[in-house]
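With chain L's structure known, arrange chain R on it following the hints.
Number of protein chains: 2
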Amino acid sequence: MDILKVATNSNPNSLAGALAATIQEHHRAEMQSVGAGALNQAIKAIAIARGFVAPHGIDLVCIPAFSEITIDGEERTAIKLFVEPRR
Amino acid sequence: MDILKVATNSNPNSLAGALAATIQEHHRAEMQSVGAGALNQAIKAIAIARGFVAPHGIDLVCIPAFSEITIDGEERTAIKLFVEPRR
Chain L
3 MDILKVATNS NPNSLAGALA ATIQEHHRAE MQSVGAGALN QAIKAIAIAR
53 GFVAPHGIDL VCIPAFSEIT IDGEERTAIK LFVEPRR
Chain R
3 MDILKVATNS NPNSLAGALA ATIQEHHRAE MQSVGAGALN QAIKAIAIAR
53 GFVAPHGIDL VCIPAFSEIT IDGEERTAIK LFVEPRR
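These protein sequence lines map, in sequence, to chains L and R. Heads up: the first sequence is residues 3 to 89, going by the numbering used here. Heads up: the second sequence is residues 3 to 89, going by the numbering used here.
Since the hints were derived computationally from the structure, they do not count as laboratory data. A few of these clues could be false.
Copies of the same chain look alike in the list, so a pair counts if it works inside one copy or between any two.
No farther apart than 25 Å at their CA atoms in a straight line, the calculated lysine to any residue pairs in the SDA-like style are these [claimed, not checked]:
| no. | residue 1 | residue 2 |
| --- | --- | --- |
| 1 | Lys7 | Thr72 |
| 2 | Lys82 | Ala38 |
| 3 | Lys82 | Ser16 |
| 4 | Lys7 | Val55 |
Just chain L, same shape as in the assembly:
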C-alpha cells in the first residue's frame, strides 16, 4: 500500500478519490504531509472522502502522529495520518 504524500498544492477532491479507493482495497490508508498547507489539504480530503464512502456504510476516522523524515538530506517533521473505517 502506497503512502499518499500530500503537498500544499494537492487537490483535496482528487486526494479524496485516491483515499476512498485505497480504503476500499486495503481497508486502511496512510497519508503524509509536511507543513500546515499540506496538512490542511489532507484533512479536507478526509472530510470529502467520508462522503464518498458513506453510501457503502463506512465512516472514516484518522489517527495523527508525528514522523521524522528526511527531504533532500534535511530532517523535517511530517504529520502522518492513518485513515481507517470507524468501528
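Same frame as chain L, but now just chain R:
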C-alpha cells in the same frame, strides 16, 4: 461540553492537555479551526494528546468535517474535528 476553538497561535501542548481532560470527562471532544495554521495546531494537539491518554489504555481518533460559521458577520468555512477514543 465546550467546543475547543483553535487559533494559529494556540499552543499544541496546552491544547492537548485540554483535549485529554475533556476526553476523560465527556468521553469525546470537539475542536474547531479556521485556516491552515489553526488546523495544524489542532492536529498536532491530537497527536500529543494520544500520548497523554495512552497510559490509561485509550487511543484517540478524529473525524473531520466542514462547518459553515459566521465570524464578525462574515461566513467562513471551519473544520470541525470530533475526537473520541478508538473502539
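Evaluated hints:
1. Lys7 <-> Thr72: Classified as within; 14 Å inside a copy, 33 Å across copies.
2. Lys82 <-> Ala38: both (13 Å within a copy, 16 Å between copies)
3. Lys82 <-> Ser16: both (19 Å within a copy, 21 Å between copies)
4. Lys7 <-> Val55: Within one copy, since 21 Å is at most 25 Å while 28 Å is not.
Violated hints: none; the structure is consistent with every hint.
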